[in-house]
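Protein chains in written order, with the working numbering: chain A, 1028 to 1181; chain B, 354 to 613.
There may be inaccurate statements among the hints.
Computed from the model, here is a short list of chain A residues facing chain B with C-beta under 10 Å [unchecked claim]:
id	residue
1	1066
2	1068
3	1070
4	1093
5	1157
6	1158
7	1160
8	1168
9	1171
Using C-beta positions, here's what the derived DEER-type ranges look like [what the hints assert, rightly or not]:
id	chain 1	residue 1	chain 2	residue 2	range
10	B	597	A	1145	50 to 60 Å
11	B	433	A	1151	47 to 57 Å
12	A	1106	B	356	31 to 41 Å
Keep in mind the hints are simulated off the structure, nothing from the lab. Owing to the predicted nature of the structure, the values given are computational and were not obtained by experimental measurement. For every residue, glycine included, the Cβ atom is placed at its ideal position computed from N, Cα and C.
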Amino acid sequence: MATVTMTVNGKSVSGEVEGRTLLSDFVRNNLNLTGTHIGCDTSQCGACVVHVNSKAVKSCTMFALEAEGSSVTTIEGMANPDGSLGTVQQAFQDNHGLQCGFCTPGMVMSAAALLEENPNPTETEIREYLEGNICRCTGYHNIVKSIQAAAAAA
Amino acid sequence: MYDFALQRPQSLNEAIEALSAEGAQALAGGQTLIPTLKNRLASPDVLVSIGGLSELQGVSETDGTVSIKAGTTHGVVAATVESYPALASLAGNIGDPAVRNRGTIGGSLANNDPSACYPAAALASNASITTNKRTISASDFFAGLFETTLDEGELITQVDFPVPDAANYQKFDQPASRFALVGVFVAKYGNDVRVAVTGASEDGVFRWSEAESALAGNFSSSAIDGLEVDSEGMIEDIHGSKSYRASLVKVMTKRAVAAC
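Kindly produce the complete structure, drawing on both the sequences and the hints.
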């Protein structure tokens, strides 16, 4: 076991992990931040996307120890400081951007990363950026609509 | 996943020393290696994490050469390489955005997946692959399915691509994995044309020499109309037969030439 320390959603955290502990398991099991979902655990589905140093990554395909000293943002860090929904989250709610909700944390994190890189994406750019996020309810139309609304609201 | 020790060296020298140990394996971006470990297709005793080493990060472009440090992610190559657009575009279409934020050029080349994109760019450009020990020409680097001429404990540190007069990469996506079902990279240096094919052969990336000869005399997509690719030795799987892949090699080569 080794100690890992990182900043998660603005707070410094540390925990005891094994070399093989995935970042997704660390945030869920050590930090109880269960908003990050593990869908496929094979880096296909994108439900586990978090930001590491402002870049979207699949947390099931990165070891917790590799995030030592990094700044990590999970879906729990996307709300406003007063607890109300952040811009992207609110846009998903307003546009029915979720059905069962399982993929939603990853969708929101990917959407936020896209809007950071490209504040006014076209529909094609949004769909391309979501290549690594799978919605098994097939609710893509409203997810795209939500991201367009979030871009317009920002 | 089997248990292993994860080491995080703080410098390239420390990493190379750690990799000299029996059973040690380099961990760069982990986008292939971690799924491989989960499937128990590899079980190293020690993983040496090199993804965070600043000595292995960065792109520089000088005098017709693009030099990329081995730990540079696909996302950074896609966003920063200016003088070799075909290379930047190839990097920008590997996997998906989150994978591109972790996966590295050195990791892709060292793994030599038969369907990976970077080996095609390296072979078509005759890139120079520098390690902690030597510099290897791409022509001498790839040695078959998941095999390279790297020695045990040898680590890629930098890849230098000579910038061609014209180049294009055409990838026929396998839509689930985002790997190339077939990908063809065409690069033209004066009258010398190199055509590198990934995704097709059971021996991994290869050069289609007949097409290269035909294109050297007449650099147009019609120059290869009369050629056929032998389906012997092509990959056959649920996604495509040998003859389908052989046919795609020609189609993608024609598209790449036309787009140059």
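Exercise. Quick check: which numbered hints come out false for this structure?
Worked result: When the structure is compared with the hints, numbers 1, 8, 9, 10 and 11 turn out to be violated.
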